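Order-wise, the sequence lines are chains A and B.
Mapping to numbering that gives the first Met the number 0: the first sequence position 54 is 53, numbers consecutive.
Mapping to numbering that gives the first Met the number 0: the second sequence position 25 is 24, numbers consecutive.
Treat the hints with care, since some could be wrong.
DSSO-like, lysine-lysine: derived pairs with alpha carbons at most 27 Å apart [said to hold, decoys possible]:
1. A:K177 <-> A:K194
2. B:K37 <-> A:K234
3. B:K37 <-> A:K191
4. A:K280 <-> A:K206
5. B:K127 <-> B:K113
6. A:K80 <-> A:K93
7. A:K206 <-> A:K194
8. A:K47 <-> A:K122
9. A:K206 <-> B:K127
10. B:K127 <-> B:K14
11. B:K14 <-> A:K206
12. A:K47 <-> A:K251
13. A:K177 <-> A:K122
14. A:K251 <-> A:K285
15. B:K37 <-> A:K206
16. A:K234 <-> B:K113
17. A:K251 <-> A:K122
18. B:K37 <-> A:K194
19. B:K109 <-> A:K234
20. A:K122 <-> A:K206
21. A:K251 <-> A:K120
22. B:K109 <-> B:K14
23. A:K80 <-> A:K47
24. A:K234 <-> A:K120
Derived Cβ-Cβ restraints for the label pairs, each shown as a range [unchecked claim]:
25. B:E116 <-> A:E222: 39 to 47 Å
26. B:L145 <-> A:K191: 52 to 60 Å
27. A:G148 <-> B:Q90: 49 to 57 Å
These aren't lab readings, by the way, just hints derived from the structure by calculation.
Computed from a predicted structure; not experimentally measured.
Ideal Cβ placement from N, Cα and C applies to all residues, glycine included.
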Amino acid sequence: MTFEHEVATKVAVPDGLPMAPRPFVIRRTRRETYDTFTLELESTIKTKPFSFAPGQFNMVYVFGVGEVPISISGDPDNMDKLLHTARAVGTVTKRMSALGKGDVLGIRGPFGAAWPLAEAKGKDVVIVAGGIGLPPLRPSIYSIMRNRGEYGRVCLLYGARTPSDILFPREMETWRKKHGIDVFITVDRSMKGWKGNVGVVTTLIPKATIDPLNTLAMIVGPEVMMRFSALELLKRGIDPATIYVSMERNMKCGIGLCGHCQFGPHFICKDGPVFPYNRIKELLMKREI
Amino acid sequence: METLEPIITSHPFFKDLDKKYITLVTGCASNVRFDGGKFIFREGEEAHQFYLIRQGKVAIEIFTPDRGHIVIETLDEGNILGWSWLIPPYQWHFDARALEATRAIALDGKCLRKKCEEDHDFGYEFLKRFAHIMEQRLAASRIQLLDLYDVRT
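Bound-form chain A, shown alone:
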C-alpha cells in the first residue's frame, strides 16, 4: 500500500455524523445519453464546503425511495458544485433521473480511497474506462489537466457499448486538443455512420504510447473488463504495483460497519473502492466472494 493510498483511506470517513445525510439541492440536470444523466448539486449548508478526492463516492439518498453509492464525477477543485453521473437502471437511479432543478437529495460522504495521483506524478498515466466507468475517472482527469506539466504522457482508453453510449464526447475532444491527452475510443457494437474503432477496450492498450517502466494505470469498468485490461497492461510490461482498479460491491453504510460490501478481508467502501491491483488480484479470481 502506498503512503498516499493510506492517507486517502484515512481521510475517507467524513467529519461529524457519517450516517446523517446532508441536504443538497439540484441546480442543474444534464442528459448524457439515453439512459445516463448528470446532476449538479449544491449544499444547502453554505458554511460547510464539500471537498473530495478523485475516486471517492457518496451515498446518494432519494428521500422516500432509497440510497445508492455513486462516484463523484466533477472537478475536485470546484467545491461549489458536486457532480454525480449515473445510469438509470434501478429503482433509486430511475427516480433520481426524473428529478429536476430545485429538488433536494441527501448526501453522505465522501467515502473511500482515492486514485494515487501524487504517486502518478512524473510518470506516464494510462486511464482505462469501460461504459459507466468513465465518470469515476473524470475527477482524476480534471486534476491531471490542472497540473498537466507534472505528468508524462496521459492516455485515456475508453470502451462503450455503442456509439450512442459514449459519455462526455465533446469534453474528451477538448481533453485531446487542449490538454495533450491521447484519447482512444472504441465501441463493442458499431452503428450506421460510426467511423471509429470497433472492438473491446483491451484492444486499445497496445496503442498507448507510454513508457511501461514508468507508467501508472487506473482502470474502471465491469470486473471482467478490469481483469482483462490489467492482464493486457501487464503484457505491455507495466509493473503490477502501479496498476489500480476501482471495485464495486453492494455498498450500504459507507464506513465499513455493515459488511455488505465485504470483499475478502476488505470492505470496498472503506478500504477501496480504489485498490492497487497487486493487493486484490488473487481475490479477483475467487468466485466465492
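Given the coordinates of chain A, work out where chain B should sit on it, guided by the hints.
Relative to the frame of chain A, chain B by itself:
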C-alpha cells in the same frame, strides 16, 4: 533499389525472426494502397494474401440483408489483416473494407504456403505467430460477446 525488408523486420509480428526467413518473407511482399471505402477482400473470395497495415483503418464486416454491413472489429496501424490464406479452403469468411486511405504490405499467401511446406521450421514459426494473433482476436471476440456494458437489473 530499396526493399520492404526494413519495414518487415521492424514489425512486431516478425520480431526476432531469423534473418534468412525475413529475406524469404520479403520476397513475397509488395506495397499496396486502398482508398477509403474500397473493399480489400470480400466474403467467399479466394484468400491468397494477408496484410500488415502500415497506415489507415480497416473494418472487418459481414453483410446481412436486413441490417446491411455490420462492422465486427476495426484494425489499424500495426495490425495484421487476414489469416484465411493459411487454412483450407483458403476463402475469406468476412469482408474487409478500408474506412480511410490505407497503406499496407501485402504478403503473397500462396508463395508463403509453399515456403512453409518446404521448410517446416519456418512453417512452424509462422503458425506460432499467427496462432498468437488468432488467440488474441478470439479472446477479444469472446469478451465482446459478453456485452459487459449492458444494463443488468
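Going through the hints against the structure:
1. A:K177 <-> A:K194: holds, 23 Å
2. B:K37 <-> A:K234: violated, 34 Å
3. B:K37 <-> A:K191: Given that 27 Å is the threshold and the Cα spacing comes to 17 Å, the pair holds.
4. A:K280 <-> A:K206: Judged against 27 Å, a Cα distance of about 24 Å means the pair holds.
5. B:K127 <-> B:K113: holds, 17 Å
6. A:K80 <-> A:K93: holds, 22 Å
7. A:K206 <-> A:K194: Distance of about 17 Å is within 27 Å: holds.
8. A:K47 <-> A:K122: Given pair K47 (chain A), K122 (chain A) is violated - Cα atoms ~35 Å apart, limit 27 Å.
9. A:K206 <-> B:K127: It holds: about 23 Å lies between the C-alpha atoms, which stays within 27 Å.
10. B:K127 <-> B:K14: holds, 13 Å
11. B:K14 <-> A:K206: holds, 18 Å
12. A:K47 <-> A:K251: OK: K47 (chain A) and K251 (chain A) at ~24 Å, within 27 Å.
13. A:K177 <-> A:K122: holds, 20 Å
14. A:K251 <-> A:K285: holds, 22 Å
15. B:K37 <-> A:K206: holds, 25 Å
16. A:K234 <-> B:K113: violated, 33 Å
17. A:K251 <-> A:K122: violated, 35 Å
18. B:K37 <-> A:K194: holds, 14 Å
19. B:K109 <-> A:K234: violated, 33 Å
20. A:K122 <-> A:K206: holds, 17 Å
21. A:K251 <-> A:K120: It is violated: about 33 Å lies between the C-alpha atoms, which goes past 27 Å.
22. B:K109 <-> B:K14: holds, 22 Å
23. A:K80 <-> A:K47: holds, 12 Å
24. A:K234 <-> A:K120: holds, 23 Å
25. B:E116 <-> A:E222: 39 to 47 Å: holds, 46 Å
26. B:L145 <-> A:K191: 52 to 60 Å: violated, 24 Å
27. A:G148 <-> B:Q90: 49 to 57 Å: Holds, since G148 (chain A) and Q90 (chain B) (Cβ atoms, about 54 Å apart) stay within the stated range.
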